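Number of protein chains: 6
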Amino acid sequence: MMFPFTAIVGQEALKTGLIVNVIDPGVGGLLVMGEKGTAKSTAIRSLADLLPAMTAVAGCPYRCAPRPQGDGPHCDCPACADPAGATVPVRMRVVELPLGITEDRLIGTIDIEEALQSGRKRFERGLLAEANRNFLYVDEVNLLEDHIVDLLLDSAAMGRNTVEREGISVSHPARFILVGSMNPEEGELRPQFLDRFGLAVRVAGLSDKEGRLQILRRRMAFDADPAGFAKGWEREQQALADRIATARDRLPGVTVPEDILDRIVAITASLALDGHRADIVMVRAARALAAFRGMAEAGVEEVRDIAGFALMHRQRRQPFEEMGAGAGRLDQILADTLT
Amino acid sequence: MMFPFTAIVGQEALKTGLIVNVIDPGVGGLLVMGEKGTAKSTAIRSLADLLPAMTAVAGCPYRCAPRPQGDGPHCDCPACADPAGATVPVRMRVVELPLGITEDRLIGTIDIEEALQSGRKRFERGLLAEANRNFLYVDEVNLLEDHIVDLLLDSAAMGRNTVEREGISVSHPARFILVGSMNPEEGELRPQFLDRFGLAVRVAGLSDKEGRLQILRRRMAFDADPAGFAKGWEREQQALADRIATARDRLPGVTVPEDILDRIVAITASLALDGHRADIVMVRAARALAAFRGMAEAGVEEVRDIAGFALMHRQRRQPFEEMGAGAGRLDQILADTLT
Amino acid sequence: MMFPFTAIVGQEALKTGLIVNVIDPGVGGLLVMGEKGTAKSTAIRSLADLLPAMTAVAGCPYRCAPRPQGDGPHCDCPACADPAGATVPVRMRVVELPLGITEDRLIGTIDIEEALQSGRKRFERGLLAEANRNFLYVDEVNLLEDHIVDLLLDSAAMGRNTVEREGISVSHPARFILVGSMNPEEGELRPQFLDRFGLAVRVAGLSDKEGRLQILRRRMAFDADPAGFAKGWEREQQALADRIATARDRLPGVTVPEDILDRIVAITASLALDGHRADIVMVRAARALAAFRGMAEAGVEEVRDIAGFALMHRQRRQPFEEMGAGAGRLDQILADTLT
Amino acid sequence: MMFPFTAIVGQEALKTGLIVNVIDPGVGGLLVMGEKGTAKSTAIRSLADLLPAMTAVAGCPYRCAPRPQGDGPHCDCPACADPAGATVPVRMRVVELPLGITEDRLIGTIDIEEALQSGRKRFERGLLAEANRNFLYVDEVNLLEDHIVDLLLDSAAMGRNTVEREGISVSHPARFILVGSMNPEEGELRPQFLDRFGLAVRVAGLSDKEGRLQILRRRMAFDADPAGFAKGWEREQQALADRIATARDRLPGVTVPEDILDRIVAITASLALDGHRADIVMVRAARALAAFRGMAEAGVEEVRDIAGFALMHRQRRQPFEEMGAGAGRLDQILADTLT
Amino acid sequence: MMFPFTAIVGQEALKTGLIVNVIDPGVGGLLVMGEKGTAKSTAIRSLADLLPAMTAVAGCPYRCAPRPQGDGPHCDCPACADPAGATVPVRMRVVELPLGITEDRLIGTIDIEEALQSGRKRFERGLLAEANRNFLYVDEVNLLEDHIVDLLLDSAAMGRNTVEREGISVSHPARFILVGSMNPEEGELRPQFLDRFGLAVRVAGLSDKEGRLQILRRRMAFDADPAGFAKGWEREQQALADRIATARDRLPGVTVPEDILDRIVAITASLALDGHRADIVMVRAARALAAFRGMAEAGVEEVRDIAGFALMHRQRRQPFEEMGAGAGRLDQILADTLT
Amino acid sequence: MMFPFTAIVGQEALKTGLIVNVIDPGVGGLLVMGEKGTAKSTAIRSLADLLPAMTAVAGCPYRCAPRPQGDGPHCDCPACADPAGATVPVRMRVVELPLGITEDRLIGTIDIEEALQSGRKRFERGLLAEANRNFLYVDEVNLLEDHIVDLLLDSAAMGRNTVEREGISVSHPARFILVGSMNPEEGELRPQFLDRFGLAVRVAGLSDKEGRLQILRRRMAFDADPAGFAKGWEREQQALADRIATARDRLPGVTVPEDILDRIVAITASLALDGHRADIVMVRAARALAAFRGMAEAGVEEVRDIAGFALMHRQRRQPFEEMGAGAGRLDQILADTLT
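Protein chains in written order, with this note's numbering: chain S, 1306 to 1644; chain F, 1306 to 1644; chain D, 1306 to 1644; chain E, 1306 to 1644; chain Z, 1306 to 1644; chain X, 1306 to 1644.
Note that these hints are calculated values from the structure, not bench results.
These numbers come from a predicted model, not from an experiment.
We put the beta carbon where it would ideally sit given N, CA and C, even for glycine.
You may find that some hints are simply not true.
What the hints assert, rightly or not - A few chain S residues facing chain D, derived, Cβ under 8 Å:
#1 Thr1347
#2 His1452
#3 Glu1493
#4 Gly1558
#5 Thr1560
#6 Pro1562
#7 Leu1566
#8 Asp1567
#9 Val1570
#10 Leu1578
#11 Gly1580
#12 His1581
Stated by the list, open to error - Derived contacts from chain X toward chain Z, CB cut-off under 10 Å, selection only:
#13 Ser1351
#14 Met1397
#15 Glu1401
#16 Gly1405
#17 Glu1408
#18 Asn1439
#19 Glu1445
#20 Gly1510
#21 Ser1512
#22 Asp1513
#23 Lys1514
#24 Glu1515
#25 Arg1517
#26 Leu1518
#27 Ala1529
This is chain S alone, in the form it adopts within the complex:
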């Protein structure tokens, strides 16, 4: 029994960051920065628990969505090959990437012996196969080994995982919402890896007495009677699930007006950011937020609410300057641009 997502006290940035990614996975994942004991993984798991089931091709090991009329199959499994195959509902889940993972376990392995002898490809699927259409969660992502980071970035960029050995190649879809957590005091991320997270948020424990008391009461209530507690939050949970489902449906129709694009580019140009990913992330995240809010187009509010998440980890820093140190500068630019 999972602690209900809607019963989590505070942590609005974390919640918004996750919800925006769930509405548009193209936003590109979330980096959660914060100290110990702030229930990062609990939040993700409980959000996954709340989401409505997705439709998947029955028997497909990658849980592929049914293909639109006239399209080719998403993967090369026999189930997806059949255009009239059955579908099943599957829950989105949190696949956790352990720190010491091997390359083979991450991307999967091809059994060369088998391939050479029988002519059949036998592919032992890795974690990236499990991650397709799921959350991929990396706790303490800054402690991940470099070559694993590289493999992860490759798949994240392509939306596919391709394994090649001796002329035999296997490829499968690997679209996942990458969520990483890190304690900034325990080491930094390479700029290249930082940039791959669409959004980033800081989380911290509550320091006001009232909030702490509320957390404590809810936790005690849940520990004493998980099922009863969950029942008390059922309506809130259902309401959020419905709202997310609606937002997903509405998303393609939500537009971003020209002057909003102008303002977004004005912000990133003011900050002299190196690449262009921040621009695109801001557009997509603002649009997803607008969809969540039931609006027909993204506005200045959405950009303001999302800008910090998209920019905090991409600002140039002086040596030894911590991430987020430029918050004042950013606030000024947002104030100048979004009025």
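Here the structure of chain S is known, so what remains is to put chains F, D, E, Z and X in place on it, guided by the hints.
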């Protein structure tokens, strides 16, 4: 033959910390900090030796408790699958986690070959399987390798151990009382790991002559005639065992009044702790202590007696400041809050 | 569906560097220096996507070109052994060299057991076999291990990959366009490796608002409707493909006049470069550029346009002086020499 | 042929430390600190050579003593299972623990395959099995790897070696006299390991001319005619062997009067030692020394003679203060306490 | 098709160093120090390409020379065992020693299983077997691992490679011309290894415009039409080949007069060199140079021309003083000695 | 063909150190300290080449000497078991210990599988088996790994090599003359290892012109005609061989008078050496030197000639003080003592 727990001279903090965990394993384990020669592992072993046997499903490799009427089985073994199966008494024991342990040995391994050929899952159980419903003791826990710490934390957080390889997954209950010992002079623990220990106590050898003499005499008597010595302490041992058993039974009925919750939160808010685990631990430990004392509700006394154990290892420290250095500050806050 | 090469905004140096290499692979590859998020790998992949198919011997595992009348076969495969064998069109593609690659995987392995028992050589081809007549792309090339660099340089220098074990030797063509990317902030390349890249370019994100807006709009349009977007750029793509094909055909006839050779040598002598590779690279790159521009001979313009690419990474630097720091000096020399 | 123990010139502390351990192995071993060329291992080997044979169960791989009437067997071998089995005399010997030893070699290994297939446990005994009832000698003990130290300490503390793998467990007695040598200039021991050695002595070469000459002459005589030399010392050797055997028999009857216990505790309390092992070691060593001296109870003399050995390695030191630096302080305390 | 040795512009020191070694392999190899892009390996390969074929015993895996009348066979292969066996011409070639080579691959391995079962020695030859009577080329020799250097030095010193395992021993001739290249900026060689190279030369790119232009023109001509270019240099190539062959024949008859020996020793004594290898190398190199110049005895000119090559890497240096720094001192000594 | 030992120019200390060890292997080996190119290994090999053959039991894999009447066999081979077995002459040879040697290769391995299945011990002999009654030469002994040093020291101390695995034990004689070379600039030896070399000498190249010229001429003569050169030194070689053989026979009868022992101890006491090995080594080396000089007893001259070799590497040094730095002090002590 084990040196009797009740014959240990002094070391009240250590004894209380262990007993509170035994009454409510939800308190979350104990970190024992202290120097050499202070009989940390002896104390745990002798407490385990004293505890009454637990009821377990006969034949279950994880020693699961019989399931309550209407519940599903706790694990997937054939014995637990049978709702009318027999039960056996089993002693709680101390499973020791050696420093150089491998990941395979800790979490167990799935025999993939077997699974692919015969279709049967063959799981070679690891230390976490042995640890279920037992103490898991890690001596010099600050010397444990990081990836082992990570695996340990995952299981401790979930109460289950899940092993996945190539689409085959095995999961079993892994609820244990984690007890770690460390010599703070030999290195620190990551804050994230520190926070996972519900309570922490400091132990030190006695420095007064009278106490040392008493220890020496008891040890000499035990060495000369272990069985005879144990006989002399039989009544004290049985009394403590009964008292713990009673406390366990009473625990669900012990309450924590609103004003006690208020005070607990006032303490942690004053200390500006990062997370919220300390609040919950204090509530549970105070309640367990009340149960041990035969009280119907936890009071100011229990909070005062347990606060140091829950807070010492969670206070923010200045660089190079040792754990526990903020004891004065804590005393002041306790004095202000608990009067 | 690939983002069209011709729809990439800006990045003229990168585009020219790639095109010149595609017209004359003898130019010797391209090193792309720049920060995160500047779509280096996208550019290469989309150029490969645009290029017309090459003619290859059907069934040759190295995609050898058909051999000219009277020549021997390019490799020792059965298909190439047959002078009258069929041919097939194959697309040039981007073979990626992962950072953690093993020696065996790079150069391939000889199965000694098989060779000794059956007398047949069995060669398991490595990445260099796949790379023949393709791009070989190394992301973060400055993080590559030294022994892999050595193997790569050997093959690049010889145009062949030779594997020897216990008297058994296998050799195959390995002519590829080596493209490496690096972030100069994350470490340097050994001078010996730097020198092997024919050309080097710096890339950076656009900082003017107008350019950023254009990138953003094109990206959004592509994300919304990849096929429709591609259709809009079809004519531009085809035009570039035709122009490259024509340049390739014209290349052998394009000459480099004596006074151009004089000026090239004057430049490199002024810079006191250690080796002579820069001279040859400048001649070949200027000639390829002339061919792309439809000219019959390379002129002062071509040398000026290509000189920076050939010289930036080969200039002597003071300790701690960054690559490209001598740009002012180079400009002066070019001004003096090419007027 | 071994150089006779009684012919060793000087080194009284080393000799006493060894003899006391031989009389009561419960004293807990000996740490020998000293520089090169001081014949530490020779002394141990020659003492073992001199000792009378022990009685062991014939055929027991651990050389168990015959069990007292009514007791269970000491180990689970078939020979010990038979209460009426034959016995054989065995010599105590010196088992050497090499620095690079593996965990498997130290504790032994369980053959899991065999166990699963045939149901029989097959245990390949390790060095700890050989060490039972013998000396276990570790040269340069401060260079031993940490995880080996941990295993060694576990066995030393329990008097048994327990090996567990996948639910199969093997346990056998492992009571040995641990003797370690170290050159303090080559690194220190962890305090936890230091404390496990019951006694510690310093050895040094002789610096007076007369002593050196005596050593030289005896060595030359031995080298020239080992058998003849040994014959010359036969009576001294036999006398010492008899004296040790007598002391062993008398040991259980030797008492330690109350006032001696008082004084011992007064000493350790004055030194503010961390743990309580020193107290117990002093009692046992003083008693063993009394037995060796043919006395009915331990007295002030025995405590004085043994105190330095029990305390030198347990005193708190300032950073960079060498072991033994507090000798003056100790002398003063002994003078105050033992008069 | 190889670029002709005689068409290489400049690099006289490198050319002389190689030719002298080819005439008398007893000179002891060549260390080539220089920066990137100076065609070190090209020079060696093209010299090997030019040399006339050697006579070898047909079927001998080590390409042994036919044995002189009355001598025993050079190796233990069946072909060499037959005194009347046929001979074949073989080309000298360049065997390259890769940086990451294993010990087994370098010296070869004995198949112990086979030897024990069938009684036949099966030896899998290593790189040293291939190197016999060839060049052994080590690029970036200063990056070679120490244990490989040790094995290389052993073989170079003995002229044989001996492999022993468990009482089975295999030995074969391993006389090769060791050529190493290094970039002195990338680390130094151990003095012991430096000393093993008979001669050392520095190479650098040409800095005068005319030379660079010549190199560029020849390279362009070769790239455009390798076969035609080679034809243009055929006469020069043949002339050099003949001159080397003649010098080899004349070598045994060339003498080194007493006063030349006197002067050589005067030079090395002035420099206070540690060992005596420099003296012998100078004698042999001067003699080989005299043979190449068609002279009957070595003279002052030959010593002067060769002294720098033999002494540069053997002079004592101050800490941080670069190799060759003492060139002024050497010039003065040569001037004093050779007039 | 080996360069004759007697033709080596200079290097008297090295020669004396080797000869003394050959006459009495109990002297304990030789450490040769010196720089590159000083022919250390040549000297040892050529001395071994000169020595007369030893008598060994025919068929004994350890080349054991025939056992004296009434003694047991030296090893457990079948050949030695037969008291009337035949003998063969064997040459002493130089067994080289490579730096990267494994433990298994050094001490040999027991085939446990074989032992368990067939009951026969199968021992694969290691280098220590080959070393028995031979030289064991370690080039660059200061670069040897610590655990190999430990094994080497164990065997050297015991004169036997004992291998134990799982209760199966093999032991064989391993008496060898340990000769190590080291370049003191490349790292030091642990004091414990230093002390195990009986003697130590410094070698250096000759710096006087005349000596260098002599070396050069002899080397040239040897290179030109090895057999002829050797013939010219045959008489000198035979004379030395005879003198060594005679000295070996005379050794047991050579005495060391009391006053010489007194003086030796006076020297080592003055130097405050830690252990007593120096005393014994000086006695044995002086006696062996006396035997070589045809004297009936060792005198002051022999002690003076050998003292430096026995003491240089055993003197206490200040931090950063080089070995041999105390030479002046030693000279003074020798002058005071030996007059």
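Okay, the hints, checked on the actual structure:
Against a cut-off of 8 Å between C-beta atoms, the interface hint on threonine 1347 of chain S is violated, since the closest Cβ of chain D lies about 31 Å away. The restraint placing histidine 1452 of chain S at the interface with chain D holds, with a minimum CB-CB distance near 4 Å, inside the 8 Å limit. For glutamate 1493 of chain S, the shortest C-beta to C-beta distance to chain D is roughly 12 Å, which exceeds 8 Å, and the interface hint is violated. The criterion of a C-beta within 8 Å of any C-beta in chain D is not met by glycine 1558 of chain S, whose closest approach is roughly 11 Å, and the hint is violated.
A distance limit of 8 Å between C-beta atoms decides the matter here; for threonine 1560 of chain S the minimum to chain D is near 10 Å, and the interface restraint is violated. The beta carbon of proline 1562 of chain S comes no nearer than 12 Å to any beta carbon in chain D, farther than 8 Å, and the hint placing it at the interface is violated. This hint holds: leucine 1566 of chain S has a C-beta 6 Å from the nearest C-beta of chain D, less than the 8 Å allowed. Hint on aspartate 1567 of chain S holds. Least Cβ distance to chain D is approximately 7 Å, under the 8 Å limit.
Hint status for valine 1570 of chain S: holds, given a least beta-carbon distance of 5 Å to chain D, under 8 Å. At a threshold of 8 Å, the smallest CB-CB gap from leucine 1578 of chain S to chain D is about 7 Å, leaving the interface hint in force. Because the smallest distance between the Cβ of glycine 1580 of chain S and any Cβ of chain D comes to about 2 Å, under 8 Å, the interface hint for this residue holds. For the restraint placing histidine 1581 of chain S at the interface with chain D, the shortest Cβ-Cβ distance is roughly 5 Å, inside the 8 Å limit, so the hint holds.
At about 14 Å, the closest approach between the beta carbon of serine 1351 of chain X and any beta carbon in chain Z exceeds 10 Å, and the interface hint on this residue is violated. With its C-beta approaching chain Z no nearer than about 17 Å, methionine 1397 of chain X sits outside the 10 Å limit, and its interface hint is violated. The closest approach between the C-beta of glutamate 1401 of chain X and any C-beta of chain Z is roughly 8 Å, which is under the 10 Å cut-off, so the hint is satisfied. Interface hint at glycine 1405 of chain X: satisfied, since its Cβ lies 4 Å from the closest Cβ of chain Z, which is below the 10 Å cut-off.
Checking glutamate 1408 of chain X against chain Z: minimum C-beta separation of about 15 Å lies over 10 Å; hint violated. For the restraint placing asparagine 1439 of chain X at the interface with chain Z, the shortest Cβ-Cβ distance is roughly 13 Å, beyond the 10 Å limit, so the hint is violated. For glutamate 1445 of chain X, the interface hint holds, the least distance from its beta-carbon to any beta-carbon of chain Z being 8 Å, beneath 10 Å. Evaluation of the glycine 1510 of chain X hint against chain Z yields a held restraint, the C-beta minimum of about 5 Å falling below 10 Å.
Proximity of serine 1512 of chain X to chain Z holds as hinted, the smallest CB-CB distance being about 6 Å (cut-off 10 Å). Given hint, aspartate 1513 of chain X at the interface with chain Z, holds; its Cβ is 7 Å from that chain's nearest Cβ, closer than 10 Å. For lysine 1514 of chain X, the interface hint holds, the least distance from its beta-carbon to any beta-carbon of chain Z being 5 Å, beneath 10 Å. Interface hint at glutamate 1515 of chain X: satisfied, since its Cβ lies 8 Å from the closest Cβ of chain Z, which is below the 10 Å cut-off.
Proximity of arginine 1517 of chain X to chain Z holds as hinted, the smallest CB-CB distance being about 5 Å (cut-off 10 Å). A distance limit of 10 Å between C-beta atoms decides the matter here; for leucine 1518 of chain X the minimum to chain Z is near 5 Å, and the interface restraint holds. The beta carbon of alanine 1529 of chain X is positioned within 10 Å of a beta carbon in chain Z (closest approach about 8 Å), and the interface hint is therefore held.
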